[in-house]
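**Student:** Here is what each chain is made of, one letter per residue.
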Amino acid sequence: MTFSVNWRKINPLGSVFGKIWLSFWVTLLLIVLAVAFVSHQVAQVYQVGAPNASHIGLLNRVKLPNIDRLASDRQEIMEELDRFNSESRFQWYLVDDTYHLLGTPNPPRRILVMLSEMMELEGVKVGQWRQETWMGPITMSVGGDMYRLFLRGVPALPPPNLPLWLDSQWLRAIFALAVSGVMAMVLAWSITRPIARLRRVSRQLAGGSLDARVGGAVNKRADELGDLGRDFDEMAERLQQLVSAQQRLLSNVSHELRSPLTRLQVALGIVRQKAPSDLETALSRIERESDRLESLIAQVLKLSRFENEMQHLQPTQLQLDDLIRQVSEDARFESKARNILITDQIENTVNTWGDPQLLHSAIDNVVRNALRFSPENGELSIRLSTDKIEALIEICDQGPGVPEDKLERLFDPFYRLDQSNSGAGLGLNIARHAVTAHKGDIRAFNRPEGGLCVRIRLPLNQKVRLRQS
Amino acid sequence: MNESHILLIDDDRDLAELLGEYLDAEGYRLSAAHSGEDGIVQLREHTYDLVLLDVMMPGIDGFETLRQIRSYSSVPVLMLTAKGEEMDRVLGLELGADDYLAKPYSHRELLARIKALLRRIELDKVQKESDSGTLVCNGVTLNFDTYEVECDGEHVPMTTSEFKVLRVLMARVGKAVPKEDLYREVLGREIMAYDRSIDMHVSNVRRKLQAVTETPKIQTIRGIGYLFVDPK
Numbered sequence: 000m001t002f003s004v005n006w007r008k009i010n011p012l013g014s015v016f017g018k019i020w021l022s023f024w025v026t027l028l029l030i031v032l033a034v035a036f037v038s039h040q041v042a043q044v045y046q047v048g049a050p051n052a053s054h055i056g057l058l059n060r061v062k063l064p065n066i067d068r069l070a071s072d073r074q075e076i077m078e079e080l081d082r083f084n085s086e087s088r089f090q091w092y093l094v095d096d097t098y099h100l101l102g103t104p105n106p107p108r109r110i111l112v113m114l115s116e117m118m119e120l121e122g123v124k125v126g127q128w129r130q131e132t133w134m135g136p137i138t139m140s141v142g143g144d145m146y147r148l149f150l151r152g153v154p155a156l157p158p159p160n161l162p163l164w165l166d167s168q169w170l171r172a173i174f175a176l177a178v179s180g181v182m183a184m185v186l187a188w189s190i191t192r193p194i195a196r197l198r199r200v201s202r203q204l205a206g207g208s209l210d211a212r213v214g215g216a217v218n219k220r221a222d223e224l225g226d227l228g229r230d231f232d233e234m235a236e237r238l239q240q241l242v243s244a245q246q247r248l249l250s251n252v253s254h255e256l257r258s259p260l261t262r263l264q265v266a267l268g269i270v271r272q273k274a275p276s277d278l279e280t281a282l283s284r285i286e287r288e289s290d291r292l293e294s295l296i297a298q299v300l301k302l303s304r305f306e307n308e309m310q311h312l313q314p315t316q317l318q319l320d321d322l323i324r325q326v327s328e329d330a331r332f333e334s335k336a337r338n339i340l341i342t343d344q345i346e347n348t349v350n351t352w353g354d355p356q357l358l359h360s361a362i363d364n365v366v367r368n369a370l371r372f373s374p375e376n377g378e379l380s381i382r383l384s385t386d387k388i389e390a391l392i393e394i395c396d397q398g399p400g401v402p403e404d405k406l407e408r409l410f411d412p413f414y415r416l417d418q419s420n421s422g423a424g425l426g427l428n429i430a431r432h433a434v435t436a437h438k439g440d441i442r443a444f445n446r447p448e449g450g451l452c453v454r455i456r457l458p459l460n461q462k463v464r465l466r467q468s
Numbered sequence: 000m001n002e003s004h005i006l007l008i009d010d011d012r013d014l015a016e017l018l019g020e021y022l023d024a025e026g027y028r029l030s031a032a033h034s035g036e037d038g039i040v041q042l043r044e045h046t047y048d049l050v051l052l053d054v055m056m057p058g059i060d061g062f063e064t065l066r067q068i069r070s071y072s073s074v075p076v077l078m079l080t081a082k083g084e085e086m087d088r089v090l091g092l093e094l095g096a097d098d099y100l101a102k103p104y105s106h107r108e109l110l111a112r113i114k115a116l117l118r119r120i121e122l123d124k125v126q127k128e129s130d131s132g133t134l135v136c137n138g139v140t141l142n143f144d145t146y147e148v149e150c151d152g153e154h155v156p157m158t159t160s161e162f163k164v165l166r167v168l169m170a171r172v173g174k175a176v177p178k179e180d181l182y183r184e185v186l187g188r189e190i191m192a193y194d195r196s197i198d199m200h201v202s203n204v205r206r207k208l209q210a211v212t213e214t215p216k217i218q219t220i221r222g223i224g225y226l227f228v229d230p231k
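Residue numbers (numbering that gives the first Met the number 0), protein chains in the order written: chain S, 0 to 468; chain H, 0 to 231.
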């Protein structure tokens with residue numbers, strides 16, 4: 000199995016999947032960023048822990064500000080601290096019993112929150128807030144007043160007990176990216192998968208398999224997509240019923256119309272047996288009209304059946320030359336009585352894809368039409384040739400031809416150039432339907448030497464294209 | 000000559016009446032059954048020279064009727080199918096109908112087919128008396144007494160028409176037999192345009208033989224007809 004990425008699927012402009020995925024991903028990422036930002040600003044931002052060896056060492060080394068000797072003169076204490084702090088790597092601060100912070104430079108105001116927590120704990124602690132690391136409290140009394148000393152700028156606490164890989168900002172970002180990406184993808188999938196299924200089934204339905212249903216996983220969903228799936232199946236069911244009812248009607252009509260025609264034919268036979276010979280012309284006329292009625296019914300039925308079939312063509316591999324040879328052989332029998340010469344030039348072994356019955360009836364209808372207009376002792380030629388991409392079928396007669404302005408209309412249903420001819424006017428229409436269904440093209444033109452030519456072009460090797468239609 | 004007795008199995012009563020009158024004037028006697036079941040009963044009780052069998056009938060259809068008739072009788076059957084139903088023809092001939100006619104048929108065509116079938120039966124009777132024993136060729140054995148076919152020692156069931164196709168082809172082994180001759184000698188009539196009866200009979204024979212043997216026995220000669228392969 001090969002795995003291929005369909006990039007179109009991810010493109011947010013071209014697919015719902017991409018839209019949902021990307022928008023949810025971006026949203027999730029924004030939420031992560033926002034939460035990180037807010038928590039950084041507000042939530043638990045300081046960290047208090049026990050001092051380690053380096054802190055203790057520092058505490059022993061560092062000089063204490065010289066304030067014991069000062070009376071409880073606040074002004075003096077602050078001046079001394081200022082002086083001390085401006086010269087030292089570390090700064091000392093004092094918190095008095097009214098929780099006022101003395102010392103410069105002024106630390107961020109929020110540091111007091113951390114300091115008050117440190118004061119509540121037993122012994123010396125180290126507190127960290129952003130880049131600020133403080134150590135304390137060290138209790139001392141100056142002139143009877145209690146002060147708590149804090150040292151600012153000590154080494155940072157070891158990082159909290161987070162997994163090592165979460166330590167790096169980059170890794171953290173990638174982790175957030177991956178988790179939110181996968182979550183967004185799962186969400187997008189759960190929405191677009193039933194849509195894809197619906198689409199597949201609707202295409203099957205359009206392709207003529209009327210028993211295609213969404214069913215299964217989609218219809219078991221309780222959400223709107225499940226509703227859509229169930230409604231779709233209901234629609235398909237109804238469609239199938241309607242089409243099969245129509246087909247039943249068609250075959251019933253065919254039977255019902257043909258029975259009276261058969262009776263008419265037999266009744267005609269009886270009349271013929273008994274009628275005086277001067278009725279012969281009238282009887283022939285009745286017979287001809289009833290034949291015409293019959294062929295009309297047959298062709299209307301054929302047309303409606305073909306229209307149905309052409310919706311879902313079942314192409315099979317076929318040999319076009321054999322098919323045309325069969326048509327020409329049939330034409331030869333038919334034309335014997337009128338002594339029409341049928342010549343054919345048929346290329347050997349022309350393989351193509353198509354519906355043999357449709358193609359046969361297309362070519363057969365054109366040939367029969369040509370026969371009908373051929374004069375007695377005339378000639379009718381049938382040719383099949385190919386080049387690399389298409390087969391060319393040409394059927395030419397020596398009939399009267401067709402006025403140039405009527406050539407296009409020849410293929411319209413029920414169009415007859417001459418009302419007295421016995422055809423139903425559907426043969427060429429059926430031919431055009433069948434040829435178009437095979438992605439081909441049919442055209443009629445007058446030959447300069449007289450007579451009509453019908454040219455059919457059929458693309459060869461079009462299995463794939465026919466399947467897709 | 001005593002008049003031929005024909006049985007029409009068709010649910011169309013008016014048509015039966017009309018056909019009765021028409022065929023009577025042509026010298027045939029027609030009885031009618033209006034359903035498949037009725038037809039089967041009548042065929043058991045009387046003997047007929049020919050059966051006209053409609054395909055589209057309420058109750059059991061023409062095909063089922065034919066299947067049941069063939070289980071006990073080899074009376075010639077002319078199937079009346081709906082026009083354009085290619086499958087109907089194939090199925091009918093496969094089930095052992097002797098010929099078919101598309102509905103609606105002209106009275107002349109019907110009469111011609113009836114005459115052809117009846118003439119063929121007469122010919123068969125004469126031929127049966129002269130034919131006897133077996134014809135062996137290229138591994139296929141025809142037994143004229145029992146109308147049975149064996150291929151490579153195995154029994155191959157064939158309808159009467161298929162048997163006749165084989166007989167005509169094997170009698171001229173190694174030579175192309177024109178379709179016209181096959182129509183005349185097997186179906187007793189001339190070939191017509193859009194007529195595929197013989198092609199269907201031949202393809203049935205081929206299919207049945209292929210089930211038993213690998214080597215093709217019948218070749219198609221394009222534009223002419225068929226040929227039974229001479230092993231030499």
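These are calculated hints, taken from the structure and not from any lab test.
It is possible that some hints are incorrect.
[What the hints assert, rightly or not] Here are the computed lysine-lysine pairs in the BS3-like style, where the Cα-Cα straight-line distance is at most 30 angstroms:
id	chain 1	residue 1	chain 2	residue 2
1	S	Lys438	S	Lys405
2	S	Lys335	H	Lys114
3	S	Lys335	H	Lys178
4	H	Lys174	H	Lys231
5	S	Lys219	S	Lys18
6	S	Lys301	S	Lys405
7	H	Lys231	H	Lys178
8	S	Lys387	S	Lys438
9	H	Lys174	H	Lys124
10	H	Lys174	H	Lys207
11	H	Lys114	S	Lys273
12	H	Lys178	H	Lys207
13	H	Lys178	S	Lys301
14	H	Lys174	S	Lys335
15	H	Lys178	H	Lys124
Quantities reported herein were computed from a predicted structural model and do not represent experimental measurements.
**Student:** So, for every hint listed, does it hold in this structure?
**Tutor:** Right, here's what the structure says about each hint:
With a C-alpha separation of about 24 angstroms, the suggested pairing of Lys438/S with Lys405/S holds against the 30 angstroms cut-off. For a cut-off of 30 angstroms, the pair hint linking Lys335/S to Lys114/H stands: about 23 angstroms separates their Cα positions. Restraint check for Lys335/S and Lys178/H: satisfied, since their Cα atoms lie roughly 16 angstroms apart, inside the 30 angstroms limit. Of the pairs offered as hints, the one joining Lys174/H and Lys231/H holds, with about 13 angstroms between alpha carbons and a cut-off of 30 angstroms not exceeded.
With a CA separation close to 25 angstroms, the supplied pair Lys219/S and Lys18/S stays within the 30 angstroms bound. Simply put, Lys301/S and Lys405/S have alpha-carbon atoms about 25 angstroms apart, close enough for the 30 angstroms limit, and the pair holds. Distance check on the hinted pair: Lys231/H and Lys178/H sit about 24 angstroms apart at the alpha-carbon level, within 30 angstroms; holds. A hinted pair counts as satisfied when its Cα atoms are at most 30 angstroms apart, and Lys387/S with Lys438/S qualifies at roughly 16 angstroms.
At roughly 26 angstroms between alpha-carbon atoms, Lys174/H and Lys124/H fall within 30 angstroms of each other, so this suggested pair holds. Distance check on the hinted pair: Lys174/H and Lys207/H sit about 22 angstroms apart at the alpha-carbon level, within 30 angstroms; holds. Distance check on the hinted pair: Lys114/H and Lys273/S sit about 20 angstroms apart at the alpha-carbon level, within 30 angstroms; holds. In summary, the hint linking Lys178/H to Lys207/H is supported, as the alpha carbons are separated by about 20 angstroms, within the 30 angstroms threshold.
Restraint check for Lys178/H and Lys301/S: satisfied, since their Cα atoms lie roughly 29 angstroms apart, inside the 30 angstroms limit. Simply put, Lys174/H and Lys335/S have alpha-carbon atoms about 26 angstroms apart, close enough for the 30 angstroms limit, and the pair holds. For the hint pairing Lys178/H with Lys124/H, the CA-to-CA distance comes to about 23 angstroms; that is within 30 angstroms, so the pair holds.
In summary, the structure agrees with every hint in the numbered list given earlier.
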